[in-house]
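Chains as they are written, first to last, in our numbering: chain A, 1 to 264; chain B, 1 to 354; chain C, 1 to 267.
There is no bait here: all hints are sound.
In silico DSSO-like links for lysine-lysine, alpha-carbon gap of 27 Å or less: (1) B:Lys316 / B:Lys154; (2) C:Lys228 / B:Lys97; (3) B:Lys97 / C:Lys215; (4) B:Lys62 / B:Lys280; (5) C:Lys215 / B:Lys29; (6) B:Lys330 / B:Lys187; (7) B:Lys316 / B:Lys116; (8) B:Lys330 / C:Lys228; (9) A:Lys175 / C:Lys10; (10) C:Lys91 / A:Lys159; (11) B:Lys196 / B:Lys210; (12) B:Lys121 / B:Lys316; (13) A:Lys81 / A:Lys175; (14) C:Lys180 / A:Lys81; (15) C:Lys6 / A:Lys81; (16) C:Lys10 / A:Lys159; (17) A:Lys33 / B:Lys97.
Label-pair ranges, simulated between beta-carbon atoms: (18) A:Leu247 / C:Tyr21: 34 to 44 Å; (19) A:Gly35 / C:Arg175: 44 to 54 Å; (20) B:Lys210 / C:Asn128: 47 to 57 Å; (21) B:Pro211 / A:Ala23: 41 to 51 Å; (22) B:Glu276 / C:Tyr21: 45 to 55 Å; (23) C:Phe19 / B:Asp120: 51 to 61 Å; (24) B:Lys316 / C:Gly35: 18 to 28 Å; (25) C:Gly42 / A:Ser180: 52 to 62 Å; (26) B:Ser324 / C:Gly42: 29 to 39 Å; (27) B:Asn175 / A:Phe37: 26 to 36 Å; (28) C:Ala14 / A:Gly125: 22 to 32 Å; (29) C:Asn173 / A:Phe37: 54 to 64 Å; (30) A:Leu124 / C:Val39: 20 to 30 Å; (31) C:Asn128 / B:Asp200: 40 to 50 Å.
Just a few of them, taken from the derived set where beta-carbon distance is under 10 Å, the chain C residues facing chain A: (32) Val16; (33) Tyr30; (34) Ile84; (35) Asn88; (36) Phe198; (37) Phe205; (38) Ile231.
To be clear, the hints were calculated from the coordinates, so they are not data collected in a lab.
Keep in mind the model is a prediction, meaning the values are calculated, not measured.
Cβ coordinates follow ideal geometry from the N, Cα and C atoms, glycine included.
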Amino acid sequence: MKSKAPSCPYLLWMIIFTIIPLAMVIYYAFTDKSGNFTLQSFADSLFYTDVFVRSLWIALLSTAICLLIAYPLSYIMSRAKSSTRNVITMLIMLPMWMNFILRIYAWVLLLQNDGLVDIAVKLLGLDVPLLGTTGAVVLGMVYNFLPFMVLPIHSVMLKIDNRLIEAAEDLGANKVRIFSKVVFPLSVPGIISGITMVFVPTASTFLVAQYLGGTGDKMIGDVIENIFQRDKNVGSAISLALMVIILIFIIVMNKFGDEEAAVA
Amino acid sequence: MKKILSIALSAVMAGTAALACTGCDSQPKEEINVFNWGEYVSNGEDGTLDTIAEFEERYNVKVNYTNYESNEEMYNLLKESNSSYDVIIPSDYMISKLIEEDMLEKINFDNVPNYKNIMDKYKTTDFDPNGEYSVPYSWGVVALCYNKTMVEEKPTGFDVLWDKDYSGNILMFNNSRDAMAIAMKLKGITPTTVTKDDIDVATKYLSEQKPLLKKYVMDQVFTEMEGDQAALAPYYAGDIAVMMTNNENLDYVLPEEGSNLFIDSMCIPKTTQNKELAEKFINYMLDAEVAKANAEYLGYSTPNQAAYELLDDEVKNNELIYPSDEYLSKCYTFSDLPQDVYDYMQNEFLKVQL
Amino acid sequence: MRSRRKIGSKIYVALVMVFLYIPIAVLILYSFNDGKTSVWKGFTLKWYYELFNNSAIMNSLYNTLIIAVLAAVISTLLGTFAAIGIYNMKKPVRSLVTTVSNIPIINPEIVTGVSFMLLFTFLGTLFNFEMGFATVLIAHISFCTPYVILNVMPKLRQMDYSIYEAALDLGCNQRQAFFKTIMPEIMPGVISGLLMSFTYSLDDFVITYFTRGPKFQTLPIEIYTMLKRRISPTINALSTLLFVITIAILIIVNIRERKTEKERMTD
Numbered sequence: 001m002k003s004k005a006p007s008c009p010y011l012l013w014m015i016i017f018t019i020i021p022l023a024m025v026i027y028y029a030f031t032d033k034s035g036n037f038t039l040q041s042f043a044d045s046l047f048y049t050d051v052f053v054r055s056l057w058i059a060l061l062s063t064a065i066c067l068l069i070a071y072p073l074s075y076i077m078s079r080a081k082s083s084t085r086n087v088i089t090m091l092i093m094l095p096m097w098m099n100f101i102l103r104i105y106a107w108v109l110l111l112q113n114d115g116l117v118d119i120a121v122k123l124l125g126l127d128v129p130l131l132g133t134t135g136a137v138v139l140g141m142v143y144n145f146l147p148f149m150v151l152p153i154h155s156v157m158l159k160i161d162n163r164l165i166e167a168a169e170d171l172g173a174n175k176v177r178i179f180s181k182v183v184f185p186l187s188v189p190g191i192i193s194g195i196t197m198v199f200v201p202t203a204s205t206f207l208v209a210q211y212l213g214g215t216g217d218k219m220i221g222d223v224i225e226n227i228f229q230r231d232k233n234v235g236s237a238i239s240l241a242l243m244v245i246i247l248i249f250i251i252v253m254n255k256f257g258d259e260e261a262a263v264a
Numbered sequence: 001m002k003k004i005l006s007i008a009l010s011a012v013m014a015g016t017a018a019l020a021c022t023g024c025d026s027q028p029k030e031e032i033n034v035f036n037w038g039e040y041v042s043n044g045e046d047g048t049l050d051t052i053a054e055f056e057e058r059y060n061v062k063v064n065y066t067n068y069e070s071n072e073e074m075y076n077l078l079k080e081s082n083s084s085y086d087v088i089i090p091s092d093y094m095i096s097k098l099i100e101e102d103m104l105e106k107i108n109f110d111n112v113p114n115y116k117n118i119m120d121k122y123k124t125t126d127f128d129p130n131g132e133y134s135v136p137y138s139w140g141v142v143a144l145c146y147n148k149t150m151v152e153e154k155p156t157g158f159d160v161l162w163d164k165d166y167s168g169n170i171l172m173f174n175n176s177r178d179a180m181a182i183a184m185k186l187k188g189i190t191p192t193t194v195t196k197d198d199i200d201v202a203t204k205y206l207s208e209q210k211p212l213l214k215k216y217v218m219d220q221v222f223t224e225m226e227g228d229q230a231a232l233a234p235y236y237a238g239d240i241a242v243m244m245t246n247n248e249n250l251d252y253v254l255p256e257e258g259s260n261l262f263i264d265s266m267c268i269p270k271t272t273q274n275k276e277l278a279e280k281f282i283n284y285m286l287d288a289e290v291a292k293a294n295a296e297y298l299g300y301s302t303p304n305q306a307a308y309e310l311l312d313d314e315v316k317n318n319e320l321i322y323p324s325d326e327y328l329s330k331c332y333t334f335s336d337l338p339q340d341v342y343d344y345m346q347n348e349f350l351k352v353q354l
Numbered sequence: 001m002r003s004r005r006k007i008g009s010k011i012y013v014a015l016v017m018v019f020l021y022i023p024i025a026v027l028i029l030y031s032f033n034d035g036k037t038s039v040w041k042g043f044t045l046k047w048y049y050e051l052f053n054n055s056a057i058m059n060s061l062y063n064t065l066i067i068a069v070l071a072a073v074i075s076t077l078l079g080t081f082a083a084i085g086i087y088n089m090k091k092p093v094r095s096l097v098t099t100v101s102n103i104p105i106i107n108p109e110i111v112t113g114v115s116f117m118l119l120f121t122f123l124g125t126l127f128n129f130e131m132g133f134a135t136v137l138i139a140h141i142s143f144c145t146p147y148v149i150l151n152v153m154p155k156l157r158q159m160d161y162s163i164y165e166a167a168l169d170l171g172c173n174q175r176q177a178f179f180k181t182i183m184p185e186i187m188p189g190v191i192s193g194l195l196m197s198f199t200y201s202l203d204d205f206v207i208t209y210f211t212r213g214p215k216f217q218t219l220p221i222e223i224y225t226m227l228k229r230r231i232s233p234t235i236n237a238l239s240t241l242l243f244v245i246t247i248a249i250l251i252i253v254n255i256r257e258r259k260t261e262k263e264r265m266t267d
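Work out the full structure: start from the sequences and follow the hints.
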């Protein structure tokens, strides 16, 4: 199947529904309220650099934690019986079908003073507030995006033949080498998809910080949502900047992935 | 895997088809698009009146009832999309703005005989001086809610929100207008119409408050106060009354410096495609029993005299819901601000929060 | 050695499940709370009863489900074929197209939402239509398809192309070869994409808010607009019911699958 034809319907769709909105954002980012070209919107958006950096940092952290938790789970799933695997897949997705706000509120109740998790943590001897912290925000992010890291990675790992692993064992490789030379390289395409699908939304998400964070935890997504409705120019400038940074990150990651996959 | 999905999909489709058929109707009816806040009309729970369903039945029409989350979002949809709404229920300052931008229809009061039910003092307002474009639906004041077990002496005004003794246990409004108004009034500025200099004064004062705050909240105030999680919060009177019924540790204070009196009114935007039906709807909402049911569900104060008389004495005498005229004279309403001033206010507040 | 690993795996999976489901347990618990507050006031079933009486919520639920199912299915079809086509492109073009297709994911939702609103309003005044079901569906397909592509592409990269060529050599025509060799290979990715699309569409608020028009409301909007006041426990009841129904389907299908697996093994 060498033809590019199957992609035509979507390419057409993309032109109308992806490129046009993008063009709008670019237009607004480079103009002022009366439509004249200006870089003032970018200048104004420099004020939010701190929030920007903080959001990217939280996004990276959340993505990394997601990856750490999802990777072993994906591996276990890929080696399991088909029926077990399907059950686990559905069980992982199911919480995401409960409304987003209800899930956040549930965490609020769990993390607040005398909430279940708060009590558990205090029993362990740690007397720290849980709600209203950056940690709570990261927790909320990981909770909401874990399935989106698990799905692509496990789907790719399905293809990793057990016999390859057995062969490596027979050849005398220890666990670490099996992982770094066999499993990890073959799973890279899945990892890259997973990171893309988690890092991007966590960088631009809003509401999570509003409910789980404290006064110092506002994220760039909250800022954009706040500004965009009354000032499309500055809002677009910030969005465009965010987009460019994320794109750079993804391109770099893909280059790395291509190299790793090539080695494998 | 495929099996699970195909069964699930068919179950979902069957279920939704069943749901759809319960609402099936073959006759085309007149339709009206009503755009309102969420949880703002009595919806039939606990045997109360289902406002929308009752209107549909009485007049044999279909109501397309959709919600918005803030005045600004409603305004954006009204202005920038070609959606046609017949009735909207914005707040005072937004109505003032809509009138100025010529986005509202003048109401034909011949079609709204129940208008006589509205208390005289609410028939004309700051934002609609001749009462031509709006019909009041609910009103209320902003008050202070505090937790008796966490606060030593009963506060007298909003200045307690800056009290260092309660650092880390204070909540504040997460919207610029309400937050700045509190700050301004404490600094002697009446927040009805403001200048950029007034905003700067408020910004400075709010910055001093930020380190003492637990959080900026809107709906989260319910979980915080009802769960004994915070000591002090300013919020809307009706909601404070609800919080108090859910947690006996809570009490309220009407601040001695006065606070915001807000009014939400029903209007007909110029995009309406059925003005007479819209007026019929407004008339229906003014019916004493309907207005009473809505007032009880909402918990806010009603400007409808006929409905007021049907309320329980306990509610009528509740100073929080129906404050004395003496307190009301200290209150201020919000007027529309010039766009650049309002944008400036929102920007400065965002910067304080960062 | 094997058994220790197995127990370790089971414990790990169990821990992750606990993490995922504690909030769900809280959510379900509060659907039985006698009162609209966050404080527990006693057990009641009244919210379930109210749920079925509440035509607004039922209507929103119907809208939400229909859009989610249609958006998921259409996005998956569109996206799978797009991924195949893109995979066959030459490297520089492929990189460009992949990047562009990721844009709906990268764009903050409010930007996507408002730009769609402006686009639909412009087209609407031109062709005289109002926003509603169709515009919401189009918007949802637009932001779901990139996820399908991101799920299917890695499977395409993994695939051994020679199997397809072997099938052609053995006498299959292109269509047969495709369905017999390529489809099974990418199917896990397709399913993942389908699930993700359904999930994202089900919970979307911002984009739906700006593209719905005056007559169409979905469940997330119903819920978000309760937030100036508070969320009614009827929503918890609704979520609990959806949860129970899905679990029931899962159990039934799983029992049947295990049965067929057992039969296959004893053959």
